[in-house]
Amino acid sequence: MKTDRNSLAAMAGQTLAAIADRKPLVQSITNYVSMDIAANALLAIGASPIMVRAPEESAELAPALDALVINTGTLTSTAAQQMDAAATAAHAHGKPWLLDPVGAGGLTLRNQTIIRLLRHRPAIIRGNSSEIIAVARLQGLTTDTARPRGVDSTSSSLAAEASAVTLARHALCTVVATGEIDIVTDGQTTIKLANGAPVMTRVTALGCSLSAVMGACLATAAPLQAAVSAIAIYGVCGEIAATQSRGPASFRVAFLDMLYNLKPADLQERLKLA
Amino acid sequence: MKTDRNSLAAMAGQTLAAIADRKPLVQSITNYVSMDIAANALLAIGASPIMVRAPEESAELAPALDALVINTGTLTSTAAQQMDAAATAAHAHGKPWLLDPVGAGGLTLRNQTIIRLLRHRPAIIRGNSSEIIAVARLQGLTTDTARPRGVDSTSSSLAAEASAVTLARHALCTVVATGEIDIVTDGQTTIKLANGAPVMTRVTALGCSLSAVMGACLATAAPLQAAVSAIAIYGVCGEIAATQSRGPASFRVAFLDMLYNLKPADLQERLKLA
Amino acid sequence: MKTDRNSLAAMAGQTLAAIADRKPLVQSITNYVSMDIAANALLAIGASPIMVRAPEESAELAPALDALVINTGTLTSTAAQQMDAAATAAHAHGKPWLLDPVGAGGLTLRNQTIIRLLRHRPAIIRGNSSEIIAVARLQGLTTDTARPRGVDSTSSSLAAEASAVTLARHALCTVVATGEIDIVTDGQTTIKLANGAPVMTRVTALGCSLSAVMGACLATAAPLQAAVSAIAIYGVCGEIAATQSRGPASFRVAFLDMLYNLKPADLQERLKLA
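Residue numbers (our numbering), protein chains in the order written: chain A, 412 to 685; chain B, 412 to 685; chain C, 412 to 685.
Since the list gives no way to pick one copy over another, a pair counts as held whenever it fits inside one copy or between any two copies.
As a list, the in silico SDA-like pairs of lysine to any residue whose alpha-carbon atoms are at most 25 Å apart:
#  : residue 1 : residue 2
1  : Lys413    : Gln599
2  : Lys674    : Gln655
3  : Lys603    : Ser567
4  : Lys674    : Ala608
5  : Lys434    : Ala570
6  : Lys434    : Ala608
7  : Lys413    : Lys674
8  : Lys603    : Glu591
9  : Lys434    : Asp555
10 : Lys413    : Thr601
11 : Lys674    : Ile592
12 : Lys434    : Glu591
13 : Lys674    : Val610
14 : Lys674    : Ala428
15 : Lys434    : Arg657
16 : Lys674    : Pro609
17 : Lys434    : Ile592
18 : Lys683    : Thr612
19 : Lys434    : Pro609
20 : Lys434    : Leu569
21 : Lys434    : Ser656
22 : Lys434    : Val610
23 : Lys674    : Arg657
24 : Lys434    : Ala653
25 : Lys434    : Gly590
26 : Lys674    : Ala653
27 : Lys434    : Ser567
28 : Lys674    : Thr654
Since the hints were derived computationally from the structure, they do not count as laboratory data.
Throw the hints in and build the complete structure from the sequences for me.
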């Protein structure tokens, strides 16, 4: 995989076109706050969202799925069982899935659930810096004790780089730590991207919806490519939408419209490596 | 009931005015993705939404209700029990109710829940084409094996016409199959409407919110009239909003604003029969 | 506390600045309809929302919290237990919390839950007029039998004034009854504010999101000050946003943007006492 700016922009453009073409069916078990924006982001980009949660339905749906996304926000013990059933079914049918470990590090139920889910071998783990450091700590890979404040990160994403690489090697997957700089690594190749806008931290569940869209990318590309593509798409759409809005709510509208209108040329023109 | 274009537009305008006048109390048990847009659509049109789910609350609320809407998205066995209790209570108190059989056909829990709910005699069944064909198949009325892809339809609505008519006769209710052409039938009279805009398929839960608004119409008009009115209102608002927006998110904003601002004259001017 | 217009506007501006400065961590256990707008309102104003619901997580989170908000919409018996656990934990750790008794008066499960939650000593009770009268009635403080229609108020907020004052004295807390005139009282001092716009009743869960923001204020100010500040912030933002929008959906966008952009000078210029 070529990792120069132009090659990465071209690759993200191809992923965008592949989603529009194949309309992948992406199951999301996500927190209640993010269900609306996650489904709308998937539809805007041309994927087909399905929010099935019941364990018996996840098992039945898995053969038809293209990818699964699990997000541990607003967790309950019932939801943890739903997540476990969905990850089990996806893994059994060879469907790629992504783990978004919301709130990792701070709370026991969440930590236990994340440890259990990791056994089902996600293709991608996507979190903010505090969450990625916490997941690495839960796996005994770091002694960094950075903790999130609520569900918001307290670390810069660069601080998570070592944890991300170690976690990727240990879990044999791609790891993404998002922040001002977004870090994507499969343990061998590490790519740092620098698009986005500050207002993005003021829109609830925007990271959750990024995970959903990364799931759509994962349905059409290998994990490292999928992760870079989704980060590129989100960062560039965010940058353009920020110029068209006056605050977080008009930003959200402009951002989802931009996901729908994004062209490969926009990626080519604006993608920034760190 | 006169079924020429002008009479239908006038009837939809009267339903719109009746909702604004009476502010019907509409209970929605709907999927988690659609709760925000369903409640906002009901408020925009002047109805009073209530999202009570607990079985004991549904039983207590039923005497005060004007209509009930049940939508089987994001189904769990707990939610299935909530739906059963609400439909039982509505039926016992003679309150009209609408079934939106999201995802019918593909999943066992959903099919079983839908079959059970049908025993409580909905006044309207509203789904996309694949869902209407699937409900007819579940009742042994067709051997058409069209299946949805996730929760999205794979059939044109015209393909669902025969199933819709047969289902309406069998279930003694009004059936609506929405799509590029929207089909409304009570088994005797079949009306086809042709408003709307392609971007409407890119907004999550817009169909669910249509069902909620159709529930408000059902509180003030007979089922066939209610169904046609809601389809007319949604199609005309969608057409106008599409001209005012740049993508699915600005469309959603313009659409809800249009529901709030819609005048009978807009219906008279724009309603299209197929 | 000075209660003239200019002093109150200055106080609200100081609360606004304190939230931006301290970014308080506010847990919301709120109904499913309001989770998106409540979290977005908290982020817009600079607070850090967390929507933890699981009883074991609430207990673990309480020491780190700055405030808790509990809203009884879309109640189930499971949710009632989650609320009880969170209020217990907050009270045990001396964290202030706010009760938004959605639908009080009409339904048994809701009334029982509200009576139980009151034992955990909320710092603020915030509801519409019918809800405040109903809570006073549940505590045996009034024989007024006004009931809500669904979750919407049927009483003017002035009709709730006596109930609000009596309830504040009895429960030793601040009580807020919102409506065309907003009433804030701690049983000794009663303040009436008159900002806002009619379209605000057409946006679902706007009152729930007000409670969330009042929780953020409660993290940085005493209850009476917090309540007045949040009412002032919401009323002034609503008035400005109404001039910038064409219906409830564009109003919601403009309103959240305004929460993000509000300056103390806007409060100083526009705050109105009744």
